[in-house]
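**Q** Sequence:
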Amino acid sequence: MEREVEERIPSQLGDGNSQPGACTNGRGTTQAERWQGTQAYVGFPGANGTGMEVDCGQSGERKAQGQQTRCLPQGRRRRRGPRKKASSQAEKVGFLNMQGGRTEQKWGELVKIMHEEHFALMAVAETHLRDQEVPPSDTGFAWEGCNRQNGERRGGGLGCMWRLPQQWTRIKAECSEHMWLSGNIAGRRIALAVVYLWTGAQMQKNTEICQCLRGDVEDVRREAEIIIMGDFNAHLEDLDGRTDANGRLLQELACSAGLVIANLTEKCCGMTTWSVRDQQSCIDYCLLSESLYEHLQGMVIDEDGKGNLASDHNRIQLIFKGGFQQGRSQRPAVSARPNEKALQQMAAEVEEHADTLESYDILVEELRRALKEWKPGTGRRRGLKPWWNGEVAEAIRHRQEASRAHRHLSRGGDTEAILRAWDVYRTRKLEAATLVQSCIRAVNQRFMADLKSAGKQAPQRFWRYIKRQDRPTPQRILRQASDGEDKTGKECLPLLEKWIESLQQRCDMEGVPINAEGPYTWPVAEEQTSADLRMAPTDREIKRAMKRVDAGTAPGCDGLPMSLIKALGPKAREKVGECVAEALLGMAEEDLGLLQAIYRDVVAEAEWEGHRTKPLAMPRGLRQGCPLSPVIFMVYVAGVVQHLERSGCGYTMVHSECGRQVTSHIPTLVYADDFALLAGSAEELQGLLDICAKEMSRLRLRFSPTKCVVMTWGRSEVPQDTTWRLQDNDIHRSAATKYLGVRLTAGADYLSAHEKELRARAARYKGILCRRALWSYNRYEVMRALWKMVAVPGLTYANAVLCLSTGVREFLERRQREIGRLALGVHKHTPVEAIQGEMGWSSFTAREAVAKAGYENRLVRLPEQNVARRMLVHTTFAGRSTRWTRRTAALRRRFGLPAVFGESKRGGED
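In this text, residue positions in the sequence shown follow UniProt numbering: the first is 1, and each later residue adds one.
To be clear, the hints were calculated from the coordinates, so they are not data collected in a lab.
Any given hint could be a false lead.
Here are the simulated DSSO-like cross-link-like pairs (lysine-lysine), alpha carbons at most 27 Å apart as the crow flies [as the list claims (entries may be wrong)]: (1) K547 x K385; (2) K828 x K766; (3) K456 x K614; (4) K306 x K487; (5) K756 x K694; (6) K756 x K766; (7) K788 x K756; (8) K614 x K498; (9) K372 x K112; (10) K456 x K738; (11) K205 x K707; (12) K112 x K456; (13) K321 x K372; (14) K614 x K385; (15) K766 x K452; (16) K321 x K385.
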């Protein structure tokens with residue numbers, strides 16, 4: 001594992017086997033700042049190339065190696081004394097949740113691991129030591145612990161064991177459930193914290209621990225770098241697909257303290273820190289200060305269970321670049337542990353002459369001889385860059401040969417020969433650089449063309465590409481049945497397409513015999529027309545339809561399991577046919593046409609190792625993520641909405657229209673499986689919840705209580721601890737939630753949390769896009785296209801209905817201008833008009849005006865019963881101006897857009 005990390009660390013270019021532009025030095029990606037909430041309203045789970053400079057003052061590859069020595073053409077060389085070189089001996093810091101350390105054997109194994117694997121320090125959690133208990137002493141190590149006292153909950157316990165003669169001292173001794181140590185790692189002053197957060201209903205304790213940590217970091221960061229490692233019992237969406245309460249505390253701690261969550265960066269090898277049988281997750285984390293992260297060589301999570309001391313948690317290693325010492329640097333020792341392939345080769349060699357082995361002792365000697373003769377390789381080969389090909393390899397080989405020839409002549413050749421060799425080297429180097437740049441240009445142009453062809457799917461495709469770059473994934477192999485040949489990567493797509501098509505055809509085949517000498521003879525399905533659907537189904541058609549339905553399918557509205565329906569006799573099956581015929585014959589012609597249109601020409605693409613198959617037809621059902629899925633679901637739950645409308649509860653709107661008083665109620669807003677219930681009092685809200693519970697239970701659907709919250713706006717006399725009931729579950733009041741991708745907060749400034757996320761998202765987009773465009777073939781073109789295709793859709797989400805504050809709008813404009821300056825390569829004092837004109841893109845204000853004007857045009861054309869149309873009519877006739885109407889009118893006046901709806905002349909309140 002350590003070897004994998006060392007291979008992933010970018011190295012400097014320029015040695016004899018280097019590849020120009022093959023890797024870059026840099027910090028890489030930082031922690032993900034996209035905070036994901038787990039609560040919503042009342043809802044339930046939904047169905048320029050590599051540049052090279054040539055200096056005549058340096059010889060061959062030494063220029064690329066960064067050595068500041070001059071090459072004298074006459075062959076003379078400068079004498080230099082001993083110098084300091086970076087030590088290759090990296091210093092390792094580990095963390096492990098022991099899950100109990102009350103046995104001497106565990107501590108003995110821990111000391112042995114630290115000896116054999118050269119750990120400088122090992123932090124442990126859940127030692128289960130009490131009061132003043134300490135582990136068994138060892139002469140080569142020192143210990144400092146933080147144990148729970150008598151009377152406190154059992155378990156817990158933190159500590160650190162470090163190798164002597166290093167000096168680590170305890171600081172902040174008053175802290176509980178976390179401890180601080182001060183010492184040195186890789187020649188840098190370090191303040192290290194070991195943390196354990198509680199599980200279960202201990203949110204208050206965890207919040208207090210994180211607040212204490214935040215204050216401690218502010219106190220010690222002036223004098224030392226920060227490392228925080230421990231068992232946070234937290235889940236983050238980037239690793240586990242969800243973010244829980246402890247995960248949000250972890251993100252807030254990292255954001256407020258300016259720390260990097262190392263688990264989320266490209267320097268982390270491995271992901272799972274806890275595994276029990278088939279359950280896996282990441283709950284142990286390491287946080288580092290940004291300046292210390294630059295010196296982190298890699299982070300290794302031992303997912304193979306090595307060194308976990310029989311714990312369910314996997315050990316974490318932080319490997320830091322070594323300090324400085326006198327003398328020549330040595331290569332890190334290669335692990336002498338043979339891999340599986342090498343072991344199989346050794347076993348095969350021993351098996352060939354196993355008959356000559358007379359005893360077990362001789363067998364042991366033979367195996368030892370095989371192990372001794374085995375030579376470890378260089379480890380896993382780094383993957384080739386997309387632009388690498390045979391022509392590039394040949395050009396680099398010629399450049400290396402020219403460099404070696406010049407270096408050989410510079411030791412004793414004449415001046416003319418040295419100069420000729422130098423000219424040859426410069427020519428080869430220029431040729432190689434030009435070729436690499438042209439290959440990079442071709443790859444980047446294909447990438448941009450692929451993004452542009454994706455249309456609205458461009459952001460999704462870009463982030464999928466970034467995800468593949470950040471974390472290496474194991475390569476999957478498909479074996480072709482005909483010849484047994486293994487296929488990988490893009491070669492697997494034809495096999496997948498053939499397999500999916502065969503599955504679809506097999507579902508349609510009934511009673512067709514299999515030809516033993518050849519493939520199946522698949523029947524061709526005939527296209528049905530609306531006239532066919534209006535005919536009563538035959539008994540054979542009903543049998544065929546029932547046969548295709550799995551017996552384990554969830555019961556329908558009648559509550560009968562499908563296994564019972566399939567077991568019915570012929571007479572009872574006739575009743576099923578009558579029910580189906582009645583349902584079809586009772587539908588209008590346009591409804592049948594709608595059903596046919598929904599399920600016609602549905603296609604999907606399968607993704608494999610970052611590649612996609614050709615569009616494949618879906619003969620029945622809808623693909624995952626299809627926009628038609630929420631539409632059909634809303635049709636299914638339309639009865640629930642009708643009952644809510646007839647209840648007379650909800651948000652009440654009263655205004656005068658044409659001399660008569662109009663009163664209407666809006667009880668709910670529904671999109672797919674997201675329900676938002678609106679009520680004027682706690683009693684009305686409970687009544688709406690009861691209706692939802694009753695109707696959803698009739699449809700055999702249940703709400704998710706963990707995703708249901710109650711929020712209040714305006715004056716409220718309801719106590720803060722009031723709860724509501726929904727399907728035998730309590731729903732509590734919350735100050736913030738996320739609905740349809742927008743985070744809402746209680747109070748007048750209901751978009752404050754959403755605006756904060758927008759600021760963080762804009763900064764993240766800027767960093768990622770700048771990094772992606774840094775070594776591209778054309779920085780201007782790549783950065784401009786990526787900003788418009790990837791960043792702008794995310795930053796303008798829902799701007800047709802949302803009204804952001806002036807500060808956020810100006811912040812987004814500044815970030816866009818910074819992107820323009822970077823793309824153009826101009827200084828910060830360049831006029832805004834010049835940047836706007838050269839980049840040729842719209843401002844965020846203009847984009848907002850287009851979105852709001854288009855939305856207003858759609859509003860006036862919506863049916864009168866539409867909720868949005870009703871709200872617009874109410875605000876107009878009631879003479880009330882909202883934030884949206886005022887902002888839309890201001891944009892219309894600024895850009896000279898025509899009015900599409902009557903505006904109120906007198907103001908009002910939102």
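**Q** Compare the structure with each hint and give your call.
**A** Status of each hint after checking the structure:
no.	hint	result
1	K547 x K385	violated (51 Å)
2	K828 x K766	holds (16 Å)
3	K456 x K614	holds (18 Å)
4	K306 x K487	violated (31 Å)
5	K756 x K694	violated (39 Å)
6	K756 x K766	holds (16 Å)
7	K788 x K756	holds (21 Å)
8	K614 x K498	holds (11 Å)
9	K372 x K112	holds (24 Å)
10	K456 x K738	holds (24 Å)
11	K205 x K707	holds (23 Å)
12	K112 x K456	violated (56 Å)
13	K321 x K372	violated (31 Å)
14	K614 x K385	holds (25 Å)
15	K766 x K452	holds (20 Å)
16	K321 x K385	holds (26 Å)
The structure fails hints 1, 4, 5, 12 and 13 (numbered hints given earlier, in ascending order).
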